[in-house]
Amino acid sequence: MRFTLRQRQIIWAYIFMSVALVFFVIIRWYPTILAFNVSFRDWNVFEGSGPWVGLENYQEIWKDAGKPRSSVTAAFSNTVRYVLFGVPSQLVLALAIALLLAQIRRLSAVFRVAYFAPYVTSAVAVAFVWNWLYQPETGLINQGLDLVGLPQQPFTKSPAQALPSITAVAVWQNLGFAVIIFLAGIQQIPGHYYEAARIDGANAWQLFWRITLPLLNPIIVYLTVLGTISYLRLFALVQNMSPQGTGGPLKSTTTVVLEVYREGFSSYKMGYAGALTVLLFFLILLITIIQLRFFSRRVEY
Amino acid sequence: MKRSKLLMLIGTLLVTALLLAACPAAVPAEAPAADSAAEEPAMADEVVEIEYWQYNFAARVDAMNQLIAQFEEANPNIKVVHNADIPYAEFRDKIAASVPAGVGPDVATLFYGWQSVWIDSGYLVPLPEDAFPPAMVAEKFSPMVQASFVEGTLYTLPTAVRALALFYNKDLMTDAGLDPESPPSTLDELADQAAACTQRDDDGALVVQGFVADPAAQDHHWFREVLVRQFGGVPYTDDYTEVLYNDEAGMQAWNYLLAFHTDLATGDRDLFDGSTNAFVGGHVCFHVDGSFRLGTIAKNNPEMNFGVAELPSHNGIKSTFGSYWTHGLTKKAAADQARFDAAVKFLQFITSADAGALWVDIVGELPAQLEAGSNPELLADEKLGAFAAGLEYSHATFFADESQQRQAIIDSFDMVILTDEDPATALQIAADTDQEVLDDFWSSR
Chain A
1 MRFTLRQRQI IWAYIFMSVA LVFFVIIRWY PTILAFNVSF RDWNVFEGSG PWVGLENYQE
61 IWKDAGKPRS SVTAAFSNTV RYVLFGVPSQ LVLALAIALL LAQIRRLSAV FRVAYFAPYV
121 TSAVAVAFVW NWLYQPETGL INQGLDLVGL PQQPFTKSPA QALPSITAVA VWQNLGFAVI
181 IFLAGIQQIP GHYYEAARID GANAWQLFWR ITLPLLNPII VYLTVLGTIS YLRLFALVQN
241 MSPQGTGGPL KSTTTVVLEV YREGFSSYKM GYAGALTVLL FFLILLITII QLRFFSRRVE
301 Y
Chain B
1 MKRSKLLMLI GTLLVTALLL AACPAAVPAE APAADSAAEE PAMADEVVEI EYWQYNFAAR
61 VDAMNQLIAQ FEEANPNIKV VHNADIPYAE FRDKIAASVP AGVGPDVATL FYGWQSVWID
121 SGYLVPLPED AFPPAMVAEK FSPMVQASFV EGTLYTLPTA VRALALFYNK DLMTDAGLDP
181 ESPPSTLDEL ADQAAACTQR DDDGALVVQG FVADPAAQDH HWFREVLVRQ FGGVPYTDDY
241 TEVLYNDEAG MQAWNYLLAF HTDLATGDRD LFDGSTNAFV GGHVCFHVDG SFRLGTIAKN
301 NPEMNFGVAE LPSHNGIKST FGSYWTHGLT KKAAADQARF DAAVKFLQFI TSADAGALWV
361 DIVGELPAQL EAGSNPELLA DEKLGAFAAG LEYSHATFFA DESQQRQAII DSFDMVILTD
421 EDPATALQIA ADTDQEVLDD FWSSR
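Going down the list, the protein sequences come from chains A and B.
The letter at position 160 of the first sequence is residue 160 when you use this note's numbering, and the numbering goes up by one with no holes.
The letter at position 180 of the second sequence is residue 180 when you use this note's numbering, and the numbering goes up by one with no holes.
Hints were generated in silico from the structure; no laboratory data involved.
Treat the hints with care, since some could be wrong.
Claimed, not checked - Straight-line Cα separation of at most 20 angstroms, SDA-like style, residue types lysine to any residue; simulated pairs:
hint	chain 1	residue 1	chain 2	residue 2
1	A	Lys67	B	Thr433
2	B	Lys318	B	Gln435
3	A	Lys63	B	Thr433
4	B	Lys299	B	Arg60
5	B	Lys383	B	Gly295
6	A	Lys63	B	Gly102
7	B	Lys345	B	Glu72
8	A	Lys63	B	Asn375
9	A	Lys67	B	Gln428
10	A	Lys63	B	Phe441
11	B	Lys383	B	Ala309
12	B	Lys383	B	Asn300
13	B	Lys170	B	Glu181
14	B	Lys94	A	Gln7
15	B	Lys170	B	Ile362
16	A	Lys67	B	Lys345
17	A	Lys63	B	Gln435
18	B	Lys299	B	Lys318
19	A	Lys67	B	Phe441
20	B	Lys318	B	Gly233
21	B	Lys299	B	Asp238
22	A	Lys67	A	Ser267
23	B	Lys331	B	Pro126
24	B	Lys331	A	Gly264
25	B	Lys94	A	Ser267
26	B	Lys170	B	His283
27	A	Lys67	B	Val150
28	A	Lys63	B	Ile429
29	A	Lys63	B	Ala309
30	A	Lys63	B	Glu436
31	A	Lys67	B	Gln435
32	B	Lys299	B	Asn277
33	B	Lys94	A	Leu150
34	B	Lys331	B	Lys170
Claimed, not checked - Okay, the calculated bits of chain B under chain A, using three or more residues with CB under 8 angstroms as the criterion:
hint	segment
35	258-271
36	403-414
Claimed, not checked - Just the calculated beta-carbon pair ranges, DEER-fashion:
hint	chain 1	residue 1	chain 2	residue 2	range
37	A	Leu84	B	Thr241	26 to 34 angstroms
38	B	Thr241	A	Trp29	40 to 48 angstroms
39	B	Lys299	A	Pro68	16 to 24 angstroms
Ideal Cβ placement from N, Cα and C applies to all residues, glycine included.
Chain A extracted, bound-state conformation:
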């Protein structure tokens, strides 16, 4: 049997794509389905199976959430706080930097590299450097505060400051990616829109609010959705910046993913950890659907 050239091309395309498919099935889908399965069982890591217990793990999470000083409640409320602090500051800062970068010609590549470098740096390395910067007495930031006569701050050592301190590092790390995407968006806006507006007497402020921002809407939605998901899954920074990696002090920085890790791999409660994962999955799904529904409106001129 003979295939035409076109058909052979299609077959090869499918063969190449199937490699990626196999990868996704094994690395992504299979563990995801397994996580759902595990969440309904009293799973034992050592035996690799466990009896079906229905919703018991979910009931236990619900019960734990009602207790005073509950880790689960802290994890969910902190995770929401990371999103609320992190996503807006990341968007505003990235947009401001992108607008400035769009103005300059000289050294713009240098700046882009500088802003993008943290994004491709390992979170663990970032965490170590910032731990040094935040260090009491000897840390660079506290020495700087000393120098200008301001009181030293505990940063990650205090329950009140720890979460904002870690959020700031996450924003710093993710900024570069958002800047590059914004920059691409800004450069796609046709120049004659601005020319026409200027002829009509629009000032710089009006140009920004009436042209730049509306036309960047798809990019803002994209970055909001991606940013939200990344803050909802925050783990490495918290694990490496909180005391002993436990999401402290006093659970003030713990996240849902960190609790999943702690329950699953230090207390061996895989079923419970699986149930937390499933809850996080639905939380991310819900928030993403809401965002896509409410924020994406087409802007055309």
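For chain A, the structure is supplied; the task is to place chain B on it using the hints.
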């Protein structure tokens, strides 16, 4: 026609993908099975081969190789295969993948705190009473080894154990006008000398810290098994089912520990990221730590002029916290009588007093048997002597979940230090949290 062929091709690929996806679960069980199949028909007169596993730590591997050589010479019909290629981080996973499949070690080394989980998972079998009579263990082994009895049944025995003692920086003591040859021997002296040793600069910032209370290091052990007992209490009921440190004695112990941070202000655990780093870096006068820290100091700050004394006593009571790596017999060993007998013999050999004496020379951990631990040469050792002296009054906490029980103490300490919580309320919260972990563990048994 051609389209249907294309569909078939895609279908085949999908099925292959699904099969591959299902595979990973089955793989670990198959790989090691090939090795053990060869050794199955072991007759009574023939050479019996048993496998011993520990994690990779050069000194331990070396010591065990010497013990195995001695053992094989004395027992020519037993061959011990020593597997120590597994890094510490993967040791538990590797065990988890092998033992349930009936392969892997016959004798395995584990941290004593893991026993409950390993027993619950059905990995370990009880040690036979005729070979390891409980009375012999009670008489000959350091009292901390009682933690190897789970609900009255002995599951494991160690070659060596570790204990806590008081490290002191001689140079800093001299600078503060203290006599470096008479370190604190009571809790009151420790508080006084720590206060005297603390130095601050003109702005009030700590330059030398007298003592840093840090429950995230060893001080949570020090609180439960040492301070509480010294103030007249007991941390838990004897069977470790109930928390008892939330009483008057516990409160005194708790206040004693907190005072280093509050009233005496002899240190701040946030400087240098914890008391251990601060002491190893030479910024702290007194520090409670284990014998394993000697190696850390030798490696990171070999110039430091320090000594080690027994933990300070109080009300005439001495106590220390002990912990140990211990050896157990697995379900795999129990499946075959000849192998089981050989494994029992091997376990008896590596937990003997002689094995402990060899171990201390190579690894630096103390012999688990009191006879070897009370060796005059060891007691006279400048650094190890203080740890060895602690063996006869040491206690090892039976942990249901070490990390959670530790966190309970850390969180309550933080509540007082960081949020001005009332110390008594904070201690009660620690006790409640700890009790919940214990209830969770015991109710599932």
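Results for each hint:
Under the criterion of a C-alpha separation no larger than 20 angstroms, the hint pairing A/Lys67 with B/Thr433 is consistent with the structure, at around 11 angstroms. Note on B/Lys318 and B/Gln435: the hinted pairing is violated, with a Cα-Cα distance of about 26 angstroms set against a maximum of 20 angstroms. A hinted pair counts as satisfied when its Cα atoms are at most 20 angstroms apart, and A/Lys63 with B/Thr433 qualifies at roughly 15 angstroms. A hinted pair counts as satisfied when its Cα atoms are at most 20 angstroms apart, and B/Lys299 with B/Arg60 qualifies at roughly 18 angstroms.
For the given pair, B/Lys383 sits about 11 angstroms from B/Gly295 by alpha-carbon distance, which is consistent with the 20 angstroms threshold. Our distance criterion of 20 angstroms between C-alpha atoms is broken by A/Lys63 and B/Gly102, whose separation comes to about 38 angstroms. For the proposed pair B/Lys345 and B/Glu72, the alpha carbon gap of about 11 angstroms is at most 20 angstroms, so the pair holds. Among the hinted pairs, A/Lys63 with B/Asn375 is inconsistent with the structure: their alpha-carbon atoms are about 54 angstroms apart, more than 20 angstroms.
Proximity of A/Lys67 to B/Gln428 is assessed by CA-CA distance (about 15 angstroms); at most 20 angstroms being required, the pair is judged to hold. With a C-alpha separation of about 17 angstroms, the suggested pair A/Lys63 and B/Phe441 falls inside the 20 angstroms cut-off, and the hint holds. At most 20 angstroms may separate the alpha-carbon atoms for a hinted pair to count; B/Lys383 and B/Ala309 meet this at roughly 8 angstroms. Note on B/Lys383 and B/Asn300: the hinted pairing holds, with a Cα-Cα distance of about 17 angstroms set against a maximum of 20 angstroms.
At most 20 angstroms may separate the alpha-carbon atoms for a hinted pair to count; B/Lys170 and B/Glu181 meet this at roughly 8 angstroms. Among the hinted pairs, B/Lys94 with A/Gln7 is inconsistent with the structure: their alpha-carbon atoms are about 48 angstroms apart, more than 20 angstroms. The straight-line distance between the Cα atoms of B/Lys170 and B/Ile362 is roughly 27 angstroms, outside the 20 angstroms bound, and the hint therefore fails. A hinted pair counts as satisfied when its Cα atoms are at most 20 angstroms apart, and A/Lys67 with B/Lys345 does not qualify at roughly 50 angstroms.
For the hint linking A/Lys63 to B/Gln435, the alpha-carbon distance of about 17 angstroms falls within 20 angstroms, and the restraint holds. Simply put, B/Lys299 and B/Lys318 have alpha-carbon atoms about 30 angstroms apart, too far for the 20 angstroms limit, and the pair is violated. Of the pairs offered as hints, the one joining A/Lys67 and B/Phe441 holds, with about 18 angstroms between alpha carbons and a cut-off of 20 angstroms not exceeded. The suggested pairing of B/Lys318 with B/Gly233 holds, with an alpha-carbon distance near 13 angstroms, which does not exceed 20 angstroms.
Taking the CA atoms of B/Lys299 and B/Asp238, the gap is about 39 angstroms. The hint is violated against a cut of 20 angstroms. Among the hinted pairs, A/Lys67 with A/Ser267 is consistent with the structure: their alpha-carbon atoms are about 19 angstroms apart, no more than 20 angstroms. Taken as a hint, the B/Lys331 and B/Pro126 pair is honoured in the structure, with Cα atoms around 10 angstroms apart against an allowance of 20 angstroms. Between B/Lys331 and A/Gly264, the direct Cα distance comes to roughly 25 angstroms. Violation of the 20 angstroms bound is thereby established for this hinted pair.
In summary, the hint linking B/Lys94 to A/Ser267 is supported, as the alpha carbons are separated by about 18 angstroms, within the 20 angstroms threshold. With a C-alpha separation of about 12 angstroms, the suggested pair B/Lys170 and B/His283 falls inside the 20 angstroms cut-off, and the hint holds. For the hint pairing A/Lys67 with B/Val150, the CA-to-CA distance comes to about 30 angstroms; that exceeds 20 angstroms, so the pair is violated. The straight-line distance between the Cα atoms of A/Lys63 and B/Ile429 is roughly 18 angstroms, inside the 20 angstroms bound, and the hint therefore holds.
With a C-alpha separation of about 47 angstroms, the suggested pair A/Lys63 and B/Ala309 falls outside the 20 angstroms cut-off, and the hint is violated. Between the alpha carbons of A/Lys63 and B/Glu436 the distance comes to roughly 13 angstroms, so the proposed pair stays at or under 20 angstroms and holds. Among the hinted pairs, A/Lys67 with B/Gln435 is consistent with the structure: their alpha-carbon atoms are about 14 angstroms apart, no more than 20 angstroms. Annotation: proposed proximity of B/Lys299 to B/Asn277 holds, straight-line Cα distance about 13 angstroms (limit 20 angstroms).
For the hint linking B/Lys94 to A/Leu150, the alpha-carbon distance of about 53 angstroms lies beyond 20 angstroms, and the restraint is violated. Of the supplied pair hints, the one linking B/Lys331 and B/Lys170 is violated, its CA atoms being roughly 50 angstroms apart against a limit of 20 angstroms. A stretch counts as covered by a chain when three or more of its residues have a beta carbon under 8 angstroms from one of that chain; for the segment 258-271 of chain B and chain A the count is 3, and the coverage holds. Coverage of the segment 403-414 of chain B by chain A holds [criterion: at least 3 residues with CB-CB distance below 8 angstroms; count 6].
At roughly 43 angstroms, the beta carbons of A/Leu84 and B/Thr241 sit outside the given window of 26 to 34 angstroms. For B/Thr241 and A/Trp29, the hinted distance range of 40 to 48 angstroms is satisfied, since their beta carbons lie about 44 angstroms from each other. In this structure, B/Lys299 and A/Pro68 break the distance hint of 16 to 24 angstroms, their C-beta atoms being roughly 43 angstroms apart.
The structure shown violates the earlier hints numbered 2, 6, 8, 14, 15, 16, 18, 21, 24, 27, 29, 33, 34, 37, 39.
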